[in-house]
Amino acid sequence: MRIKLKIILLSILSLLFFVSRSEAALEIERGPIYGALKKALPFENLEFAGYLKNETALRIAGGFDEFMKEANIAQLATEYTFNDNIQFFSILRWFYDSTFDLENKYSRDPKWESKSNKKLRFPEKMQWLRECYLDILTDRLDLRLGKQQVVWGTADGVRILDLVNPLDYREWTLKDYLDSRIPLWMINAEAQIMLNGQLQLLLIPDYEANYYPPAGAPFTLRTVEIGSRAIPGITTMTINQKPAHQLEHTKVGLRWRSIIQRRAFEYTLNYLNTYDFASSAYTAFTVPPPTVFVTRRAERIQIFGGTFSKSITEGILLPGLAKGWTLRGELAYITGGAMNYGTDTSIQGTADTDQLNYVFGFDKSFFTNWQFSFQFIQMRAKAREDFNKARFTLLNGATRGPLDKVETTLTLMLATDFLHEKLKPQILILYGDDNDWRISPKVSYEISDQWLAAAGVHVFEGKEQHLNGQFDKNDQIFFELKYTF
Amino acid sequence: MKKIVLLVLAMMLLANFAYADLEYFQIYKPKAGMSADQIMEIKYFNKYSLFAHGYESIGDVVFIEKDGSKRNRRFLRQRIILGRKSDDLSYKDLVMFTQPTSVKGLATLTWNYMNPKRDQDVWLWLPSLRKIRKVSASQADDSFMGGDFTTEEITSRKFSDETYKLIGEESFKGYTSIYDGKAYHKDEPCYVIECTPVRSPWYYSKRITYVSKNFGGNMLDEIYDPNGKLYRTIFRGWIIINVNGKDYPAQDRVEGHNLRTGHKTVIIFDEIKFDQDLTEDIFTQKTLMRQRW
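If you read the protein sequences in the order shown, they are chains A and B.
The C-terminal position of the first sequence is numbered 485 in this note's numbering, with every residue numbered one higher than the one before it.
The C-terminal position of the second sequence is numbered 293 in this note's numbering, with every residue numbered one higher than the one before it.
Looking at chain B on its own, in the form it has when it is part of the complex (with noise of 0.2 Å):
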């Protein structure tokens, strides 16, 4: 009976090894049958774009307080998926902010890994300083930007962070965007799946997350604090490109929520665009101190 459970738990190891090495450049979709494991590594491949070779994007972040104030920031971002198992290098990628005035030039440069042990290497070119600065990444739950997002919901979770369990297949409802109103992924079929943070403690106990069955893509998360309440949630958008016949997955918008303080944050993606030949060599520091201001 032992040998039999420990075969069990090596099949199942080998299993999760499997799916953790997806092979880049390809496009995956969630099918049926599959397990929730499955269906997230689909959905953390999508999330990072691993099925192209570049990626371009004008961003801009709109932090908007509860009395209906708004801030802006204006960024561009370029990527690089490598998918490298020589150097253990998965993407690069440059984000340059351009407004306002108090961030333009900031800049920086992330080397991200294909061990999901190991930590980003981030560079930040400082205007002010008119220098380079190896940064330490950032914590997991530290405020991304000062939005309502943590590092890791926009940056860095991993496929291992959590542990999942399928709860059902339904109809997206659809999300009314807070920032134009319109709603988005009206009646999308999707798969429910809750997620378990592995670290505990942690700033959240679960969230609710509904992936596509269409293009693998999460739509809305449900974040319950460690209590198990409900105080968040994140909803993405989703488009279609066609790139030389073939249909890639993007992100066009990204809502966080805060429930309790009312405080919004939005991610409005423009101009995005796949595969335009950026070589390895734009995501040098030589490209941070191109930046002027």
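Looking at chain A on its own, in the form it has when it is part of the complex (with noise of 0.2 Å):
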């Protein structure tokens, strides 16, 4: 523990050592850093900014004795201007997350040192460019070229919509999703149709499946962990099936949004063709030698979905009733996907699926500067196939735990400000309907403009077959250190 605790001290202390020696050096109003990059990158057109972070997690079961990240992270995103018109932007992100170094069940473990599970410690392949586009602006027009997310929905903390880029579950949902959202190569092209009017088109020849940490990393999906466990006198053979770099296999999306501006209503309308980030798996079993084939396909799916949005400015029905509030909502209509059957931990077979899933929310700012927000969550998932449903369910892909025919999940944000905005509490509570939960109390300082500091608490309760529950054993508690330039 205490040499632990030292490794902490000593990796935030190098950043301020990093930090405070430059400042001597250079009073630049950004910053050292920022002072030491316009030096060595003089051009007139370029802008950057950036951060150097430090983000530590503890568990706290057995007496916060085990790292479950101690991450060291450098950003730098850039902005070059051609002229009004064209600009190009990219993000770089490193990462060294020194747990796997640190903590003696990973580093003794050879496992942890092949290709596939170093990319938990560092960056891996291109993994490091986090966005890289040239924007082309135009009155009517803006293209996107490049790598890039795309952001669908109105949703907090959860995805209904927000399905054109996959996700990174190294940490679960605990990470912004902007940070674990996977980049995609793709052309985006906004159309302003009319004044509150615009229409996107996406084509994405990229494919990324979503990210699942291995077996025995800090947060494993149960479904994972499942999947690992052999089983005496059997081969398990996994074939991964991903759509090729092709024409055809190009993905669409389309977006329509507006806002009735008399009543300030604003909708969207959204279709995307693609494949389904996290693969079904369709299992064979042959003898002899006994061997399971798990064939792991991503599925081309169709996605129709729409959301809304609306603050309350006047009144509902009477002057006055509801004033302040805002609505929102959002839906999706999967079709073309498939979920495994069976029991608990069990898989029978795959079945093809269609999924509706839907948000509804409602924030307010109550009293002073507190801010209220509260999801209303429900995903219907309807296997569009026979198999014996008197035996088996759906099971739920992240936990192979099975699936109630509509899982209800509520979402309850409350979060306000001290001291000039310097000190910012907030809490997050996620409840699910098989009493699962996760509730995330968080606190942010800002000491400076470039420094920021918070602390936090992630505490998971319920079973395991559940989103939530499959962490009950993963309650952290982080402290995350941030210098922006």
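It is worth saying that the hints were derived from the structure and are not from the lab.
Computed from a predicted structure; not experimentally measured.
In silico lysine to aspartate or glutamate, EDC-like type, Cα no more than 16 Å apart, as pairs:
1. 364(A) x 141(B)
2. 70(B) x 421(A)
3. 173(B) x 221(B)
4. 70(B) x 449(A)
Part of the chain A face toward chain B, derived, beta carbon under 7 Å:
5. 89
6. 151
7. 176
8. 198
9. 261
10. 262
11. 264
12. 309
13. 311
14. 313
15. 314
16. 324
17. 363
18. 364
19. 368
20. 421
The C-beta atom is built at its ideal place from N, Cα and C for all residues, glycine as well.
Both chains come to you apart, so use the hints to assemble them.
Structure below.
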């Protein structure tokens, strides 16, 4: 424990030392790193910003004696302006999570030295290139060409229509989606059809599957953990099928977004023809020798959906009634996908399945400087193929636990600020209808324009068959220190 | 007698209504003999630049702690004034934060309405979410950006939120800036008006405001807590910008001072421009999404 504490302190202090040492040498409004970069890259049309950040998380169970994360992150965003209409933008991010060197259970197990598992420690291949695109902007048409993330929907912390980019689940859904979405190469065109009406077209030749951490990692999904268990006398072969980089596999997205000006009622209509980032698993058993073939296939799916949002600025029905509330909603109907069915932990087969997912959100500022946000979320899955429903149910893709016909989740976020927005406490509570909980209080503090600190706790509660309950033993306390420039 | 009282009341209401309908894109200045209500109508008209078609500036918000340490926020602001009865739109505002990095890219689009009982509609572009969120308008007494002003003092207070009483005329004694130490508006002739909030109880019991006779802008607010004790001041510095032969009054600084905590907040507006042919299609979500950071 003492050694680990020393390493934490060492990481933080090295960061401080690096920065403060430079600060003594240069006194520039945006700090020494910015000053040094500006000096090294003296291009008039080049603008940049970035940060250095330390993220540390300790497992609460067992006396805070295990790192779940000890990551140092450096990010640099650059923007080069050719003229008012053409700009280039990129974000480079590098990280090192020393957890896999500090904890004996990782450092002494050769499997964590494998190429595929090293991506938990360092960026793999082009992962360091977070975004890289060219913007061509005109009055009527904006073109964004390159690696990027596109976000659809109005929901917070849950992905209903936000399905354009895959997700990196190395920390489950604890990280901001901005950091966990996997950017894709694409063409993103947005045309201004009318004053408050825009049509967006996405052409996405690139494909990446969601990233699920391997068995034994801090946030391994239960389904991965179960799948990794060896069955005596039986060999398991996994075949991954993903769409090739061919024109016919290009994914297509369309979104119409409009505001009805008189009522300030905003809505979108969305369509996405894509591949499922969470591959469906098809199993086959052969003898001899006894072998289970698991084929993981990315299904071609179609998503139809829409969103709305409306602030009550005068009152509903009566003057002043519900004034100050913002209502928002989002719906996605997903067809063409497939899900496993069976009993808890045991897959019996795979069935074509449609899903209907939706969320309603209610937001308001209360009292003085208190923000309240509540969401009601339902997810319905219906198999289009017959199977023995008396014995089996559809299975949750993340936990391999039985899935209800309707899964309901409620979320509540409360946030406020003190000391002139320097101190910002907030709490996020997620409740699933199977008594499945996550409670995440967090406090962030702005030390200065450039230094930010945060601390918090993630508490998971529930049965292992459910989304948060599967991490019941993963309660953690976390600390963040960020230097921006 | 009853009829006469009703007639007088009706006339007063009509008079109020008329002043509430000052014509957009005209310049108004206080005149001798005007009532407190008339002067304050002009003051609100000038505060939101409703005499112009468009407005742009670069703003710096500086938070000054009691120990003198400072934090900054820099933003670009654009406004198009519409005064359009057909869809009730008074003006649209775009505010885009450019510094420091922790807030860089944050942007808001606000629609403001002619109907005084209608709240603003606000869209917020959150770079950390990469999406636009429709957000509820802040509570009127929420702190504006964490500074020494409330939201209503900077963005949403309307003429009908208070009642007014003219309590005197004088030469403004001048205001020494808490930011640069210079004296502003010394000997400016002004009206002294007592403003009482319609809401009660409210976070202030009254404010005394000093409105310039020359350009109709309020220079200083002395704000009293519910117990009647002076606890905050807000100073607004004004400049006159000549645009195509017309003199437009523009605020170039707002300084808030909390007398209890010693905390100060200063907003400096720089590079103020009017009527630069801004078009309404800039004030759309597409512009918000162009913020990349």
